[in-house]
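Could you build all of it, start to finish, from the sequences and the hints given here?
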Amino acid sequence: MAAPTLDDKLVVAISSRALFDFEEENRVFEGGDATGYMRLQFERLDRPAKPGIAFSLVKKLLAFNDAGMQRVEVVVLSRNDPVSGMRVFRSAQANDIALQRGVFTQGRSPFGYLRPLKATLFLSANADDVRGALAAGFPAARVLTESVLASATHPKEVRIAFDGDAVLFSDEAEQVFQARGLEAFQEHESSKATQPLPDGPFKPLLTALHRLQQASNPQMRVRTALVTARSAPAHERAIRTLMDWKIDVDEAMFLGGLPKGEFLREFEPDFFFDDQTRHVTHAALHVPSGHVAAGIANVMV
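Following the working numbering, the numbering of the sequence shown begins with 15 at its first residue and continues without gaps.
Because the hints were derived from the structure by calculation, they are not lab data. Be aware that one or more of the hints could be misleading.
[As the list claims (entries may be wrong)] SDA-like, lysine to any residue: derived pairs with alpha carbons at most 25 Å apart:
id: 1; residue 1: LYS132; residue 2: ALA149
id: 2; residue 1: LYS260; residue 2: THR221
id: 3; residue 1: LYS170; residue 2: PHE277
Okay, here's the thing in structure tokens:
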């Protein structure tokens with residue numbers, strides 16, 4: 015029998031709070047009572063946790079697996095203690111989430127384990143862990159646990175929406191905007207319209223989703239959207255960059271700074287990724303959202 019491997023899989027590493035609603039239990043932990051938190055989780059061992067913000071995304075991605083091919087792997091990567099980890103596994107089983115692997119570090123930052131996991135995506139409610147993961151070169155986002163849950167309208171589609179600059183693309187253009195304003199940004203992007211933007215932190219995830227979409231699975235499909243504050247004429251460079259990558263997105267929204275939330279509500283993604291705090295906070299009122307702490311907008315002063 016061949017040794018187990020995560021090669022060539024879309025690997026989602028996810029914290030327990032991103033996958034399940036552990037907010038009540040977390041308040042005990044945040045209050046400084048780690049022992050009480052562990053005791054509470056153990057007492058609730060036979061009470062399955064409710065779905066968390068990233069639950070829909072994970073459940074749908076796992077639906078791409080079948081008896082012949084395991085294309086997606088989900089691994090819990092958590093600051094939880096191993097005892098609390100038992101409840102995570104039991105909650106997964108009760109919610110029909112195929113979860114086999116987990117790493118529980120009992121308070122220590124877990125993002126170092128992303129490398130041996132060959133993670134394609136890391137989702138966590140812990141901002142420091144997300145920053146560490148991004149710095150190590152992994153697509154990562156802080157799940158806004160206050161987000162609304164995903165719509166159940168599209169059970170056969172994984173719907174994911176991405177911001178452009180500092181998410182799919184580098185923050186090269188955003189640096190121009192921050193330093194010199196909108197007019198200089200538009201001029202810069204127009205002059206470089208045919209020059210592809212450098213890769214951003216989430217290009218590997220978009221590439222993996224593209225491969226997943228190419229896989230033959232009549233039961234599920236991927237639908238992606240680019241949702242950006244760019245407007246014409248800066249739209250062209252973004253489109254040409256995707257063409258250069260040979261990756262199609264299903265929808266593209268060039269909103270010229272309009273609030274993104276209402277547009278996302280119409281798209282109904284299972285998750286939305288954005289680097290701008292104000293955008294992601296507004297989006298969380300409408301859809302499951304995650305903050306990508308990358309680029310100049312997130313430079314810590």
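Now the hints, each set against the structure:
1. In summary, the hint linking LYS132 to ALA149 is supported, as the alpha carbons are separated by about 15 Å, within the 25 Å threshold.
2. Restraint check: the Cα-Cα separation between LYS260 and THR221 comes to about 9 Å, which is no more than 25 Å; the hinted pair holds.
3. The hinted pair formed by LYS170 and PHE277 meets the criterion: a straight-line CA distance of about 21 Å does not exceed 25 Å.
Of the hints listed earlier, there is not a single one the structure fails to meet.
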